[in-house]
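There are 2 protein chains.
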Amino acid sequence: MKQQIKIVDIEVHDVRFPTSRNFIGSDAMNTDPDYSAAYVILKTDHPNNLEGHGLTFTIGRGNEICAKAIEALSPLLLNKTLSSFTEDMGAFWTMITGDSQLRWLGPEKGVIHLATGAVVNAVWDLYAKVEEKPLWKLLADMTPEQLVSCVDFKYITDVITPEEAIAMLKEKESTKQKRITYLEKNGYPAYNTSVGWLGYSDKKLRELCREAKAAGWKYVKMKVGSNLGEDIRRASIIKDEIGEDLKLMMDANQKWDVDEAIENMKILSQFNPWWIEEPTSPDDILGHAKIAKAVAPIHVATGEHCQNRIIFKQLMQADAMGICQIDSCRVGGVNEILAILLMAAKFAIPVCPHAGGVGLCEYVQHLSMIDYISISGRIENRVIEYVDHLHEHFVDPVVIKNGNYLLPAAPGYSVTMKKESLKEYSFPSGAIWKSELENIIKTPIIN
Amino acid sequence: MKQQIKIVDIEVHDVRFPTSRNFIGSDAMNTDPDYSAAYVILKTDHPNNLEGHGLTFTIGRGNEICAKAIEALSPLLLNKTLSSFTEDMGAFWTMITGDSQLRWLGPEKGVIHLATGAVVNAVWDLYAKVEEKPLWKLLADMTPEQLVSCVDFKYITDVITPEEAIAMLKEKESTKQKRITYLEKNGYPAYNTSVGWLGYSDKKLRELCREAKAAGWKYVKMKVGSNLGEDIRRASIIKDEIGEDLKLMMDANQKWDVDEAIENMKILSQFNPWWIEEPTSPDDILGHAKIAKAVAPIHVATGEHCQNRIIFKQLMQADAMGICQIDSCRVGGVNEILAILLMAAKFAIPVCPHAGGVGLCEYVQHLSMIDYISISGRIENRVIEYVDHLHEHFVDPVVIKNGNYLLPAAPGYSVTMKKESLKEYSFPSGAIWKSELENIIKTPIIN
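Keeping their order, the protein sequence lines are chains D and X. By this note's numbering, the letter at position 278 of the first sequence is numbered 278, and the numbering carries on one by one without gaps. By this note's numbering, the letter at position 249 of the second sequence is numbered 249, and the numbering carries on one by one without gaps.
Note that these hints are calculated values from the structure, not bench results. Take these hints with a grain of salt, some might be off.
[Unchecked claim] In silico DSSO-like cross-links for lysine-lysine, where the CA-CA straight-line distance does not exceed 27 Å:
id, chain 1, residue 1, chain 2, residue 2
1, X, K293, D, K154
2, D, K293, X, K293
3, D, K293, X, K154
4, X, K178, X, K80
[What the hints assert, rightly or not] Take a look, some chain X residues computed to stay more than 10 Å from chain D by CB distance:
id, residue
5, N49
6, G187
7, P282
8, K346
[Stated by the list, open to error] Some, not all, of what chain D presents toward chain X, calculated at C-beta under 7 Å:
id, residue
9, T58
10, I59
11, A69
12, W104
13, D202
14, L205
Ideal Cβ positions, reconstructed from N, Cα and C, are used throughout, including at glycine.
Modelling step: build the complete structure from the supplied sequences, incorporating the hints.
Structure, rendered in structure tokens:
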């Protein structure tokens, strides 16, 4: 049996890209991100040396803490066979998240859960590689019972039970192939988030809008939340360029209090945004519910900083979330994503994954594909975020055509990083950082 | 000026106590805790070598991750003067929690926030030592404006504003000294949590109940949630021993789903518990609200695993929390605790802090004292958890008399650990662990 291979060694890497040098990714909350990955490689005794690769995304300092947490989880995987996990992926998830001492550090949130994301996704990557399928296909080939058995229903049975989930999936089963054919032909719609970072000049903003339009993009997103006057000014520039041809989204990156979000959106509604993203703290379910009610028909989008299925459950129960933005790392990996996709399908809430950073586009394409193929069965009003950074570091990078993500074809979960990138961007020993750190030493960082 | 001292060095220790050897602290969720502290010492250039000590509590594995996170926060403190923090403690808090790259790891939750608790509490400890006051007294001597200026109102202005908080404190100001005198005479009521751990035999359970009664305790708490039949059996034994003389509390340690909690509490209500603690996931605000409504007049108690002021805000808004159980480390330290105490006072919800573990009793006594003296002004229906473990490792341990915590008198925040304990229980190099690890190596941990 193919899955009888054993995990014989685990490598952990701290990889960082100095993106803050060019204001890439700057927003009201995150002013100087260095896109980073706490990266894990599961080495096996497979005759072809197959490896499972997983990463969790951070924005720089603290990436070493996630790496440390991956090390703490490693004894749960080392010297185990892949089949001991794949024979019951639900049990695998509760084993990884259920170590009582490590659970205390969350539970199921923050650093330990970010690290869980790297580890769980690496196991899924290995599983898919062994089965010689891209991840979406591995999942699409599962029966409803198999797919549902990957999910931990603990704490969510008040909104969905395994039986209900299986029934939902069975309704979609006979038409799966039709949707795969659709994706093979058309891909999955993407939106381009790169036009409206705060650090960009007006000139660059206009240029990027024009480029996006020329390249066939249908959506653009802008950052808001640093200063209302400035938000209005920049939104005017963008609308001046894109008109009503492209849909505009706004992203406040958690900068507002609840009542402040409502007041500001009353004014920004003049630009007719499709959604307002992260208007306030990702922990504030009741706050999001109040905002959603006040700003309708503008949708409230959130999720990239939401910690687990329990928070997503409540955002859905409370009508607080109009757009569900899953993150492939923060919630601990594929199993938890499936729980969230099932709930979103039940509540008929469109899933538009969070991406960008490093490796997130590579990850989330699989998640939207499987959502369409097997779970929600819907694609309208759904888009995957796309940012054109750092894809060159991956062996199997995303492919975008006419503003759509094409179906990934290579086996695995698409986040295998090139060996030379792992080495060059390794922190602090890689070539890129050696020169960077020499500069920092000349100007003291502590003041 | 006394606070012109500078932080010249920062020491981080990984300290662990092998409490799992005797089933101490065992409950349905945490079966084998080794009470541990990620411990920080702020060294200064003070002529008397004054140091700020802080710890964050964990239950074993993963303590090294918190230690790593404390190291990541250390550059924010190193070579700074104490006065640069104390001149605006609110700004100090937003500086510590606002590093954009580290914030990504939470935000304000999990490992990075546990580490924040150690660091923030160490600064408060140093501040109190420099002022030669116990922490409660340092806070009690502040004006309402000063106390409120320590609080971050971000994301909670929809339930309380600084102006409102100041007005609340002003009402209590003229009677503060009366309450201090009361505490000097009577202390603050405690409850004893040690009788009902799951690992104990029936015989030990009966013995502990009798001892608790004989020692003058008025409350006992039992663990529930592993098995309903077993819970009923053990509750019967405890009630048989304590009758109606002592109040009984139950603690489910997050073992139940929402509807399961409601069903089980219908049956366990026959034992007339004062509260049910952590009936379900600490993240489930709407779930707690549903349970609270269903089990009234039994109170729902939660908080020890709640991550920050935003979760507490919602639990209060939703009538989901009948008893507010703050934890001195998990929410990031004193400043955040003040935010929560202010909201609890506004909603008239009794605060009964989570303690036990290592150092938590030493910490929380100050918090309940200041709540009574300056914030809620109330003491009825309020008790501080007490567990009689590991106090011998502290220089200034709690003192309990007739079931009450006595007012701490020594300067600081009471968690300065003895130098020899820091050394002996250091993980993995301390004497205690060297022998423990030798045993483990004989029986492999990975299976």
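Hints versus structure:
no., hint, result
1, X:K293 <-> D:K154, "holds, 21 Å"
2, D:K293 <-> X:K293, "holds, 24 Å"
3, D:K293 <-> X:K154, "holds, 21 Å"
4, X:K178 <-> X:K80, "violated, 38 Å"
5, N49, "holds, 22 Å"
6, G187, "holds, 30 Å"
7, P282, "violated, 7 Å"
8, K346, "holds, 16 Å"
9, T58, "holds, 6 Å"
10, I59, "holds, 5 Å"
11, A69, "holds, 5 Å"
12, W104, "holds, 5 Å"
13, D202, "violated, 24 Å"
14, L205, "violated, 22 Å"
In terms of the numbered hints stated before, the structure departs from hints 4, 7, 13, 14, listed from lowest to highest.
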